[in-house]
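Undergrad: Sequence:
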Amino acid sequence: MRRGGGAVAWVFAAPALLVYVVFLVYPALSSLWFSFTDWDGLSATYNVVGLQNYKDMPHDPVVVQAAINNLIWAVVTVVVPVVLGLTLAVVLNGKVRGKPFLRLIFYTPAVLPLVSVASIWGWLYNPQYGAINAFLRAVGLDSLAQPWLGQDSTALGATMVAAIWLRVGFPMLLYLAALQGISPDLYEAATVDGAGKWQQFWHITMPGLRPAHYVVIALSVIDSFKVFDLIYAMTYGGPGTATQVMGTWMYFNVFQYNQAGYGTAIAVVITLVAVVVSVPYVRSQTKEHAV
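Its first residue numbered 1, the sequence shown is counted upward by one per residue in full-length UniProt numbering.
These aren't lab readings, by the way, just hints derived from the structure by calculation.
We treat Cβ as the ideally placed atom computed from N, Cα and C, and that holds for glycine.
Heads up, some of the hints might be wrong.
[To be verified] Pairwise CB distance ranges, derived in the manner of DEER restraints:
#, residue 1, residue 2, range
1, H203, A14, 45 to 51 Å
2, V275, A195, 40 to 46 Å
3, V19, H203, 42 to 48 Å
4, D229, S183, 36 to 42 Å
Use the sequences and the hints to build the structure in full.
TA: If you want it as C-alpha cells, here you go:
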C-alpha cells in the first residue's frame with residue numbers, strides 16, 4: 001500500500017514537477033552552462049572559456065560599482081522598510097481611529113506595478129515640473145531644488161527613497177498578522193508585574209515576532225539583491241554607472257552588448273548570493289517545524 005500510495009502521489013505531482021523542470025531547472029542549468037562560454041546570445045556556435053567570465057568580473061569597474069551599489073541598496077532598503085513596517089504595525093495594532101483605512105494607505109504601494117511606481121517617482125523628481133522641486137521653491141528653498149535622478153550624488157539615494165516607499169507595506173502586513181497571534185494575557189500579566197511599554201515591547205512583542213522576522217528579513221534581503229525593474233525604469237542604470245546594479249548590468253551585457261556568456265555569469269553570481277542569504281531562513285524554519 002505504501003508503494004501504491006507513493007506512485008499515486010508522484011502521478012499527481014508530475015504536472016507541477018514538469019513545469020518546474022521545464023521553466024526553472026532547465027533554464028537555470030542552461031544559464032550555468034553558458035556562463036562558461038563566450039556566447040554572444042545570437043550565434044549558433046560559441047567557445048567554452050571555462051572560468052574566464054568569472055575571473056573578469058573583479059577587473060570590470062562596472063561590476064565593482066554595481067556590487068557596491070547592490071550592497072548599499074540591500075542595507076538601506078532592508079533596514080529602513082523593516083523598521084518602518086514594524087513601527088507602523090505596532091501603532092496600527094493598537095487603539096487608532098481609522099485603522100482599516102490607514103492599513104490600506106500604507107499597503108497600497110506594495111501592490112502597484114513597479115513601472116507605475118517608477119513613473120510616479122520619476123515625475124516627482126522631474127527637475128522642472130516635479131512636485132518635490134516645486135515644493136522646495138514654494139517654501140523658499142530654491143538652492144535645494146536639483147535634478148535628483150540626473151546627478152551622481154543623488155541618483156542612487158533618490159531611487160532608494162522610491163524603493164522604501166514601495167516596500168514598507170509588506171513587512172507591515174506580516175508584522176500585523178504576527179501581532180494578532182500574541183496573547184493579550186501576556187501584556188496584562190506584564191502590566192500587573194510593573195513592566196512598562198518599552199519593556200513589554202522588548203520582552204514580549206519582539207520574541208513573539210521572531211518567526212515574522214525570519215520571513216520579512218530573508219525575503220527583503222533576497223529581493224534587494226535581485227533588484228532590477230525599479231532601477232531600470234527610473235534611471236536606466238545612470239547617470240553613468242551611479243545607479244548600476246548587478247541585475248541591470250547583467251541585462252545590458254546579455255541583451256545589448258551581445259555578451260550573453262558574461263551576462264549569465266553575473267546572473268549566476270546573483271543567484272548564488274540569493275541562495276546563500278536564504279539558507280539561514282530555510283534552516284531556521286526547518287528546525288522550528290522539526291521541533
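Undergrad: All the hints need checking, so say for each whether the structure fits it.
TA: Hints versus structure:
1. Range check, H203 to A14: Cβ separation about 49 Å, and the 45 to 51 Å hint holds.
2. Judged by the Cβ atoms, the range 40 to 46 Å given for V275 and A195 holds: they are separated by roughly 41 Å.
3. For the pair V19 and H203, the beta carbons lie near 46 Å from each other, so the given range of 42 to 48 Å is met.
4. The supplied range of 36 to 42 Å is met by D229 and S183, whose beta-carbon atoms lie about 40 Å from each other.
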